[in-house]
Amino acid sequence: MAGSKPIKELGEGYLATPGTSFHDVTEIVSRVTETKAPRGWWILFGIAVSITGVLGATLAYLLWTGIGVWGNNSPVAWAWDITNFVWWIGIGHAGTLISAVLFLFRQYWRTAINRFSEAMTIFAVICALMFPTIHTGRPWHIYYPLPIPNGMNVWPNFKSPLLWDVFAVSTYFTVSLLFWYVGLIPDFATLRDRTKNKVRQLAYGFLALGWRGSNRHWSNYERAYLILAAISTPLVLSVHSVVSFDFATSVEPGWHTTIFPPYFVAGAVFSGFAMVMTLLLIARTVFKLHDLVQMRHLEMMNKIILTTGSLVGYAYAMEFFIAWYSGNPYERYVFLNRAFGDYWWAYWSMITCNVLVPQTYWFRSLRTNLPWMFVASILVNIGMWFERFVIIVTTLHRDYLPSSWGNFSPTLVDWTTYLGSIGLFFTLFLLFIRWIPMIAIAEVKMVLPQADPHAEDHDHDEHEHAPAVRGPAVMKTGEA
Amino acid sequence: MASDHDHDDDSYRESKRVTQKRPLLYLAEFETPGKVMKAAEKVRDAGYKRWDVHTPFPVHGMDRAMGMPDSKLGWIVLACGLTGCAVAFSLIYWTNGLDYPLIIGGKPADAFPSMVPVMFELTILLSAFGAVFGMLGLNQLPRHHHPVFYSDRFDRASDDRFFISIEAADEKFDLEDTRALLEALGASHLELIQEEA
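Going down the list, the protein sequences come from chains P and R.
At position 135 of the first sequence the residue is numbered 135 (this note's numbering), and the sequence of numbers has no breaks.
At position 153 of the second sequence the residue is numbered 153 (this note's numbering), and the sequence of numbers has no breaks.
Keep in mind that the hints were calculated from the coordinates and are not lab data.
Where hints are given, some of them may not hold.
To be verified - Simulated restraints on C-beta separations:
(1) R:LYS72 to P:TYR314: 39 to 47 angstroms
(2) P:THR258 to R:ASP110: 19 to 27 angstroms
(3) P:SER403 to R:ASP110: 48 to 56 angstroms
(4) P:GLN201 to R:GLN140: 16 to 24 angstroms
(5) P:SER170 to R:LEU98: 22 to 30 angstroms
C-beta atoms are modelled at their ideal positions from N, C-alpha and C, and glycine is treated no differently.
Hey, can you work out the whole structure from these sequences and the hints?
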């Protein structure tokens, strides 16, 4: 093997610019939190905080007045609130997928983007949780779904998918937060050890829990990380499946389908990767992360977007097919109404953004084209929002009885609540970028070629790796 | 224990008040993961027990080089996960099936299939708590006052340097012999951490 040409496996390439040292990694990532924020950050932060302010005012108005200020009405009782909830939850899924599923599959390229996307998960779930909280108009009664003794002596109804949602989403949020924090502990230690500033030392020192890089600790730490990844993987699949049960266990035409759980999960991963891409492209440019976030990483993500986009396209086609094949006239009507009825524009926007746009990634030139992938990632997110809207509104506005038909149009408050949640998301994200290492320092070091303890002994054939091409194994726990 | 001062325990305690500093640990610095791994194998073979390797990232194969047993965390997580599953089942069975039976959609009050999603979620939730807090418990963290932090050079343990620390509390620890061992292992820098008397 020694001296022979390393075999390049499918999809392998450089994970960082060749020659990047351990110290370079520390510098590139820590620098962002240590130097003054660039002008671009302040501009974006100003915009995001202003939008969040609008959200605050909107919520105050909403809760003071009641949800009559929304466009929701009797047939369309669920409208933008639940659309936004499902959309935000879906966006969160890419974070868990990158940190858990790709970890279990030993996809080393994830190290450059996992911290980022985990943070995105947390903030997306915060935005998502806001909607079920406010959509009752009486958030001070939010304790109803919790199994705690109350004055009415009634317990929550555990047969309701809405209650499953409470457990699924809150578990998802808690586990994502723990996973994120565990990954951050060694990196907080790095920031603590670098700084001479007393306040930073206290803050990062507190968060680092006195981490000292001990191998006896790493051993338990990696086992904890592995277990968290292993339990997050079914969790992430369960969360969106449970969200889809909210629809699938009903008897509404267009909702009552068994394809919903996998279809919702595929859509969630699809929109999540698109959002990671949008954020990553901005941060990569503003903070000059080109050494660690290579074109290869972006291309891999685009391939996943292509895969999940095709899955989503397949699901659309299959829904349509079953609506015809089942011979159920209500089902068939709902689908024809989706495509050619009052909300045809939402349906065709969804098809364009979710089915056609990702298909451009079959071409390498477009898959590696920065301006196009930025535009495409935003289009995909718009398309996925339309998907939730189409599922919810087109089903509710035409059900079995023509006497209970009606239409929905959003009010200004609907708009400001939705756009405001995007402002909240970006505010949290910009704060994260400024104060927390946005790339997992320890994990990137681990996949550098010189991290392999056998990198130096060239006389041993059995240890011969192709260091520039493959990172060493991410986990010790996997070895015999 | 300090061999060059030939004191027994009592006179040691007395002398500490005057000039003596108490040695806490040796800290040896290495430049690459490969060097620290070879050194760790030697320290293991020399029979030390209270020692550690400090690295900025987990080094592949170091557990074996240090002769460490496998992590016990999995058992903690298993226990927590089973507890979560049992808690969810009992909670739902008691609230919906016994304490206030609700018949919804013609299903039995204690219908099992509808319990599955919540049982699953609570299993995951408690497993995650078990993994994180179990890990912190096994590692005895948070701990902000470990003697290795007395060294200024140790700041690089979270950047690009690799350290071996051997504690004075180890039975085989000896100021001269341990120093000789670490020097022979190719440490680029060697430091004795002492406690101020």
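Against the structure, the hints come out as follows:
1. As the Cβ distance of LYS72 (chain R) to TYR314 (chain P) is approximately 45 angstroms, the hint placing it in 39 to 47 angstroms holds.
2. Between THR258 (chain P) and ASP110 (chain R) the C-beta distance comes to about 25 angstroms, which sits within the given range of 19 to 27 angstroms.
3. Restraint check, SER403 (chain P) to ASP110 (chain R): a C-beta distance of roughly 38 angstroms breaks the suggested window 48 to 56 angstroms.
4. Range check, GLN201 (chain P) to GLN140 (chain R): Cβ separation about 22 angstroms, and the 16 to 24 angstroms hint holds.
5. With their beta carbons about 25 angstroms apart, SER170 (chain P) and LEU98 (chain R) fall inside the hinted range of 22 to 30 angstroms.
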